[in-house]
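Protein chains: 2
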Amino acid sequence: MYNYDLSGRNKYYTLYSLIRDDILRGKIRGGERLPSKRAFAAELGVSVVTVQLAYDQLLAEGYISSKERSGFFAESVAEGLKKQRPAAVKKEETKEGEKFIIDLVHGNTPPNMFPFSVWARLIRGVLSDVGEHLLERVPCDGDKQLKRAISAYLYRSRGIDADPRYIVVGAGAEHLYGVIVQLLGRDKIYAVENPGYGKISSTYALNGARFTPVGVTDKGIDISVLENSGAFVAHVSPSHQFPTGVVTPVSARSRLIEWAKSSGGYIVEDDYDSEFRLTGKPLQCMCGLCPEKVIYMNTFSKSLAPSMRLGYMVLPPELYERFLQIFSSSANFVPLFEQKALAQMLDGGYFERHINRLRNYYRTIHGALIKKLAALPEKCEVVDTGSGLHVIAKFPDAKSDGQIKLLAAARGIRIKCLSDYLLAPMAGVEGCAVINYSGLTQELLSKI
Amino acid sequence: MYNYDLSGRNKYYTLYSLIRDDILRGKIRGGERLPSKRAFAAELGVSVVTVQLAYDQLLAEGYISSKERSGFFAESVAEGLKKQRPAAVKKEETKEGEKFIIDLVHGNTPPNMFPFSVWARLIRGVLSDVGEHLLERVPCDGDKQLKRAISAYLYRSRGIDADPRYIVVGAGAEHLYGVIVQLLGRDKIYAVENPGYGKISSTYALNGARFTPVGVTDKGIDISVLENSGAFVAHVSPSHQFPTGVVTPVSARSRLIEWAKSSGGYIVEDDYDSEFRLTGKPLQCMCGLCPEKVIYMNTFSKSLAPSMRLGYMVLPPELYERFLQIFSSSANFVPLFEQKALAQMLDGGYFERHINRLRNYYRTIHGALIKKLAALPEKCEVVDTGSGLHVIAKFPDAKSDGQIKLLAAARGIRIKCLSDYLLAPMAGVEGCAVINYSGLTQELLSKI
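Chains A and B, in that order, are what the protein sequence lines are. Per my numbering, the very first residue in the first sequence carries number -15; after that it's consecutive. Per my numbering, the very first residue in the second sequence carries number -15; after that it's consecutive.
Take the hints with a grain of salt, since some may be wrong.
Which copy? The list can't say, so a pair holds if one copy fits it or any two copies do.
Mimicking BS3-like on lysine-lysine, the simulated pairs with C-alpha atoms at most 30 Å apart in a straight line are [claimed, not checked]:
1) Lys128 - Lys83
2) Lys172 - Lys21
3) Lys183 - Lys172
4) Lys172 - Lys51
5) Lys245 - Lys11
6) Lys11 - Lys51
7) Lys21 - Lys245
8) Lys11 - Lys355
9) Lys172 - Lys383
10) Lys172 - Lys83
11) Lys431 - Lys21
12) Lys356 - Lys383
13) Lys378 - Lys245
No lab work stands behind these hints, which were simulated from the structure alone.
If we strip away everything but chain A, and leave its shape as in the complex, we get (with noise of 0.2 Å):
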């Protein structure tokens, strides 16, 4: 009955996905009932927890519901949305023997430019100045030293008056939303933005919290919409949405904090590449504007090295003092010896060195990338925020957006388009390629 191939590694979200566009294009009709988990499993030769957590997705984003005793199934998706959905989602799925000269969806910085060599210096001088204090038992919340570090480092960068005490040492991102759901109960509801980057719904879903796609417009995310979500939580990026772009104007951040005082909820600033502004000042932050009702978040793993799974967020105290209750018995996740060498970083103005260096290359990188889309034979508009490290290209004579990858695929270039990072359905986003130029180099871009 349904002819649906898993074979690739990530079966529950192949199924997901597949399930998901057989409901947006009226294959599975609204109020269908879908096969039980054991049936469908046995059916497609795949293990009942991968129907589970295909299952769960869906429910998540409300493409399917359960009745108790009954099953589960499908929802009526509006004629108009599916019409606007792209077809040929399935084609967004990279097949593992598919081979792409350049990856506009995934980039990691050149390894070249990180500056090895003074890392590698740190290190040793840590080890040696620190020495055996290396093995002591970390605080918590981090080591005091790098605190006070990222401290200094968010005042002379960002403007923000963080009180060390406040800022919590985390294992990356992943790991920090992980904290928030603790911290602010999995009961609550989590809102974020849709489109936008999928491992923060799906982080705060692993850790059994609900959570809630709230449209993006050009302000940033949709407050009517969040006033009337019941959420307690607005995950958002207002310095560079990803991968819309949007930067929220001061405005709609007020009315964004008006909305966690009057709701008693809070805000998640994630301001993941505010480093990367290439042109022009970042706006104030909204920490700065209501420390008590916003966590602003970041991480180092974008800017200093992918192993380095690095972050942090400032609490407000209230939070800060509940984080404390929690966790004052535990150690911290990240090894001392990285806070130490990242500390280092920080305080001996090697880290703002290396940033700059970054922002000049990716400066060069963004022109030339910017003069090919131009010199597209296909019409291409460049929607460009001068923020952030990646660009939105509009394709308004593209038929779709599966014809948009078609054609980059023919290219060598791996890509997505707006509407793969949809959580929900939304229309008005076709015809929008989203371009990650982190990884991308001269050389590689000369072979376009």
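Based on the hints, put chain B in the right spot on chain A.
This is chain B only, laid out in the frame that chain A set:
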């Protein structure tokens, strides 16, 4: 009404213990309604969250129950248990100001026992040998070289034939407990040993899973109780249970595996201190008896250094597949640096040399401790299994556990009793001090 002093740091835990003791002592009677969270918070001058956390813990442990729209009610606790429960549980909380010369509760290996110069040499070697590859993203299950090194070490030291593929590296035991919940589901019931290491149950609870304490008999976890508990997972330490010191015999291990097979559940074999068997050979691991039903887990935090948050588990193949399905797009939490250095420490035999040295050291400390206990003016029987880094000292003439702790405190010794590790009321655990001697030195011993 409630004359509770919550001036210490860990307010929620203090509140929880005070309510628990009042229930156990009958001061709060079974069926009695507890104040609403808001009212209680206002009365005590603490935040609502503090009361919430205390109530959550009491709920999880079955001291209170909640009825929708009417509040929280104390459960009836059997009269017999009330009497057996020490009245002075409050004294187990160490006040910030209190000074002890010797801590027999939380001990860490003396730092000078760590082969720091070897480790520093390995770190420098990794830095120059692995070089810029250290910046690469680590696969979700850990560095391949470390996984192979752990597999070989497990074979040499424990006779475990673990396919390196199924080993998952994580940021210590607490992190891995959370991953287990994400793998097996928070709708499941997790059976934990009672008395037991509180971190296990509290970490399950923190991750949103339900746990049920199951009593420990002289053969390990009580399987008859487990069979009727509705548990899906049994988290056990068959090599050397903490704090009872019980070693689960082979017959009970087989029954435990039968339980997992017939119930469809899993066993978490927490082998937290198996390196420290001081005499004889340890029993075969349960994961060797039935690799498809047992998750074997261990950590290097205890044997190497508390700052090193590095643990691992060997997953049954089916669960490893599920792990990849969930985490394949996530990076591992442990920096590659630590993973490479540990791999070299294992492969080069340095770790085993370190453990042998520690074992000899602890054999001496253990001997001296037993002599000290024998020379005490109080009647004392030592229960010694020749394994792990703690012993149980029974004081048959002690009036209460509170008295044992007060007498110890008068000598500058911080100690806990078996009853302090109870997750649920249990008879017959009185008069037993739990002596963790991992932080003990000859010098400290001479001060007693």
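Checklist entry - Can you list which hints this structure breaks, lowest number first? => result 5, 8, 9, 10, 11, 13
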